[in-house]
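Respectively, the protein sequence lines represent chains A and B.
Each residue of the first sequence is one higher than the one before, starting from 8 at the first, in our numbering.
Each residue of the second sequence is one higher than the one before, starting from 8 at the first, in our numbering.
Hints are computed from structural coordinates only; laboratory data are not their basis.
Check each hint, because a few of them may be wrong.
As the list claims (entries may be wrong) - Capping the alpha-carbon separation at 25 angstroms, the derived lysine to aspartate or glutamate pairs in DMTMM-like fashion look like this:
1) A:82 with A:46
2) A:93 with A:72
3) A:49 with A:59
4) B:49 with A:36
5) A:49 with A:81
6) A:111 with A:81
7) A:93 with A:36
8) A:49 with B:123
9) B:49 with B:120
10) A:49 with A:120
11) B:49 with B:59
12) B:93 with B:72
13) B:49 with A:81
14) B:49 with B:119
15) B:49 with A:46
16) A:49 with B:120
17) A:49 with B:36
18) B:93 with B:81
Stated by the list, open to error - Residues on chain A that point at chain B, a partial pick, calculated with CB under 7 angstroms:
19) 78
20) 102
21) 104
22) 106
23) 153
24) 155
25) 156
Since this is a predicted model, take the numbers as computed values, not measurements.
Note that the Cβ used here is the ideal one computed from N, Cα and C, for glycine as well.
2 protein chains.
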Amino acid sequence: MQNRFAEDTAMSSYTHVLLATDFNEETIEVVQRARSIADQNKSTLSVIHVIEPISIAYAGEFPVDLGDIHRELEKQANLRLNQLAKELSIPEAQCFLEIGLTEKEILRVADEESIDLIVVGSHNKHGLSLLLGSTANAILHHAPCDVLAIRVPKISK
Amino acid sequence: MQNRFAEDTAMSSYTHVLLATDFNEETIEVVQRARSIADQNKSTLSVIHVIEPISIAYAGEFPVDLGDIHRELEKQANLRLNQLAKELSIPEAQCFLEIGLTEKEILRVADEESIDLIVVGSHNKHGLSLLLGSTANAILHHAPCDVLAIRVPKISK
């Protein structure tokens, strides 16, 4: 057979898609796309948000209770994740709120949940650039699966 | 309407997909996937290969004619690109053999051709890691469109 590429179209279907989000306002398009890709592939959609621990350096020199700040961050993140999961019809078991280094947690969950596509937003000014900045190479090079970076349009103010 | 994500499934369709390849043996899966994605989206598929100019440092201290080497590289790359294009049923106008910095040429062609998805392979040991190594961040951050990095399985020897 001359065309060795004609046969396998099933290779591009995914069974478990992981949306990594930082809840930036600009993620709406990314979220829609992740839902759409999962639907098209009839695959499970999971969502992950990673809270990076605040170091003493961030808190400055005056005495603050980092424990309280972390609990508050976690509470707020949890609310937003639940809201997003509800809108995406994602059950609780497919929602991952993790604390740690973004890339490490995304890759750990991707591995443990047998994810075959990680979806992230890409933006060169705000928001999701945090996710795709220093961690982009790590995710790309160490991800056990495909990675789709969705271009988020700039919001002009 | 409660679910703001239910309506727009058309957002995930692409009209012009650009496959960036370095002709590594491991690209077969990436090539198949690019063809499959283009077919599923009924989109145009283009392919790009970038030849990075060899500097004097690579050529060492003995006198060599870099012009000859470049012409030979270009000739060989052209043959492989034609072969790949034939197998993928890509017309000549959609084949881009460029000379320059990989990221710069990919982004230039993506912009000029109104590409909405760049497909690259990712591998952490050989081959396409060259494409995704130092140039990964640049492509992700400056690409005018989505980028799909396809995980290429390691070849054990």
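Violated hints, by number in ascending order, as checked against the structure: Hints 1, 2, 3, 5, 11, 12, 13, 16, 19, 20, 21 and 22 contradicted; others consistent.
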